[in-house]
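Residue-level listing of the chains:
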Amino acid sequence: MSQSSSLWSDALRRLFKNKAAVAGAIVLLVLIVLAAFAPWIAPYPYAYQNLDLGASPPSSVHLLGTDVLGRDLLSRILYGARISLLVGFIATTVALIIGVSWGIIAGYAGGKIDSVMMRIVDILYGLPFIIFIILLMVIFGRNLWLLFLAIGAVEWLTMARIVRAQVLSLKNQEFVLAAQAMGVSNFAMFKRHLLPNILGPVAVYATLTIPQVMLLESFLSFLGLGIQPPMSSWGTLIKDGVESMEEYSWLLIYPGLTFTITLFALNFFGDGLRDALDPKTSE
Amino acid sequence: MLGIFLRRILLAIPVLIAVASITFFLVRLAPGGPFDADKAVSEQVLKNLNEAYNLNAPLSEQYFDYMTGILVGDFGPSFRFPGRSVTELIMTGLPVTFELAIYSMLIALFIGILSGVTAALKRNTFLDYIPMSIAMIGICVPTFLLGPLLVLIFGINLELLPVSGWGQLPGDKILPSLTLGFAYAAYIARLSRGGMLEILNQDFIRTARAKGLSEKMVVIKHAMQGGLIPVVSFLGPAVAGLLAGSFVVETIFQIPGLGRFYVEAAFNRDYTMILGTTIFFSFMIVFFNLLSDIVALWLNPRSRDT
Chain C
1 MSQSSSLWSD ALRRLFKNKA AVAGAIVLLV LIVLAAFAPW IAPYPYAYQN LDLGASPPSS
61 VHLLGTDVLG RDLLSRILYG ARISLLVGFI ATTVALIIGV SWGIIAGYAG GKIDSVMMRI
121 VDILYGLPFI IFIILLMVIF GRNLWLLFLA IGAVEWLTMA RIVRAQVLSL KNQEFVLAAQ
181 AMGVSNFAMF KRHLLPNILG PVAVYATLTI PQVMLLESFL SFLGLGIQPP MSSWGTLIKD
241 GVESMEEYSW LLIYPGLTFT ITLFALNFFG DGLRDALDPK TSE
Chain V
1001 MLGIFLRRIL LAIPVLIAVA SITFFLVRLA PGGPFDADKA VSEQVLKNLN EAYNLNAPLS
1061 EQYFDYMTGI LVGDFGPSFR FPGRSVTELI MTGLPVTFEL AIYSMLIALF IGILSGVTAA
1121 LKRNTFLDYI PMSIAMIGIC VPTFLLGPLL VLIFGINLEL LPVSGWGQLP GDKILPSLTL
1181 GFAYAAYIAR LSRGGMLEIL NQDFIRTARA KGLSEKMVVI KHAMQGGLIP VVSFLGPAVA
1241 GLLAGSFVVE TIFQIPGLGR FYVEAAFNRD YTMILGTTIF FSFMIVFFNL LSDIVALWLN
1301 PRSRDT
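Protein chains in written order, with the working numbering: chain C, 1 to 283; chain V, 1001 to 1306.
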């Protein structure tokens, strides 16, 4: 692990060789830019209604057509990307913070604390979390930030396990023992010695968590328990599309296609990153 | 071996009690009374309502009553369906959801194991690439998109199959089961491929081949037993996913199962129904996790000896 800089440059080189991963990364970058600049790129405001027009098929004025209320579908997909990607990143960050701290503490403390903390993770693993999220949304109202927190709070379990395993394998290595002998504080130990060495697996798992989180959000939105109108995420667009798919199939097909392509891109990029970093051999 | 099982089962009991308690108090935390959303009722009526639903008793007593009720399978009355108990509603929906889950799982196991094992045996040929690419699609296309797309193609455009219902028209069970089963077929295909690849490289497989067993015997009798352990371990957690999937599939296809009842209860703020079904789902999931752990342990000869 001493050659950490060459580990990363090696990984980067391997990542660039993987065509699927590079394609995934490009798609993601384009999407992030489009989402970030949606107010300038989108041809219409997302709530702008043209009731006279109604649902119209794709044309040169409305590239992807309009929905039942005459709202431009392309604009709505672009604005929906903001919410969907935001949920993906924020909820993953929440999961990352909880999971990494939990895993580091459990792995580093060891003994009784470790076994109690990991037993808690085991127990939580066995519970129906989707149902608890729905319960929370029903009880506390359908609040966007609560949704982020709730999704993040259930996705940290695997992260905690991965981090703990990494810390356990690092704990007895010479450089950690040396740092302990020199009286480095616990916080400095986490920051300087443990965190940099668990970054690889954490990055891989975080990339693979984003699509799961986005699926969860769109699943809730599809059931009507997630994002509420007039805001739209890809999940709510698909829900609207399903309601009118018999006459206006484009309202289902384009949001669905966008969502699926994004999930593909995230999965390909995550898989590529995992192969490139290969946490199994870098341990 | 028996000790491990007993310890698992004993551990499950406090977990279930904790889940039931947390859910109970979470629902009590909900802002407003359960009858606030209705038309304004007079104070006397509200008092009678609270009386009828045992909401005037001290919280500790309500909690105690509820927990002892669960022990005998009584989840209390429904707030939104007067005169019907939550247990009754669960028992109406459960057989439908159970049937849907069974069909989906059978489809998933059949397609998943067949394509996963074939892919492992014919590694790096088109019999490996094509099923695994389809599996990737199965993982990336969410159920709530696949279902409507299947309806659009087979129900509306080709007019081959009914678009909704359960057991009313011939063939109306096909699309829901396929929709729910497809994602699991994809996961199972990946897991069985991985498990088989690992097993096929081991010495005892070489021994079996060396002693002249036919390839069919080697695969079916020796490799699959160990190679499919990951699939068995996956089946327990998959029940949780099947339940969540049933929320979507039963909503799309208008199937009167437990999943749809749950989503409707969530919309109607039918607190007792939500409380009861949440606890019931948790019990089922804990039970199936336990079951799949035990079967996986029993299948693995290394853990059987200890």
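Rather than coming from a laboratory, the hints here were simulated on the basis of the structure.
No residue lacks a Cβ here, since even glycine has one placed at the ideal position from N, Cα and C.
A portion of the hints provided could be inaccurate.
These stretches of chain C come out as covered by chain V in the derived footprint (C-beta under 8 angstroms, 3 or more residues) [what the hints assert, rightly or not]:
1) 218-226
2) 246-257
To spell it out: a stretch of chain C is covered by chain V in this simulated footprint if at least three of its residues, at any positions, have a beta carbon under 8 angstroms from a beta carbon of chain V; those stretches are [claimed, not checked]:
3) 119-127
4) 190-199
Going through the hints against the structure:
1. 218-226: Holds: 6 residues of the segment 218-226 of chain C have a Cβ under 8 angstroms from chain V.
2. 246-257: holds (count 4)
3. 119-127: Holds: 4 residues of the segment 119-127 of chain C have a Cβ under 8 angstroms from chain V.
4. 190-199: violated (count 0)
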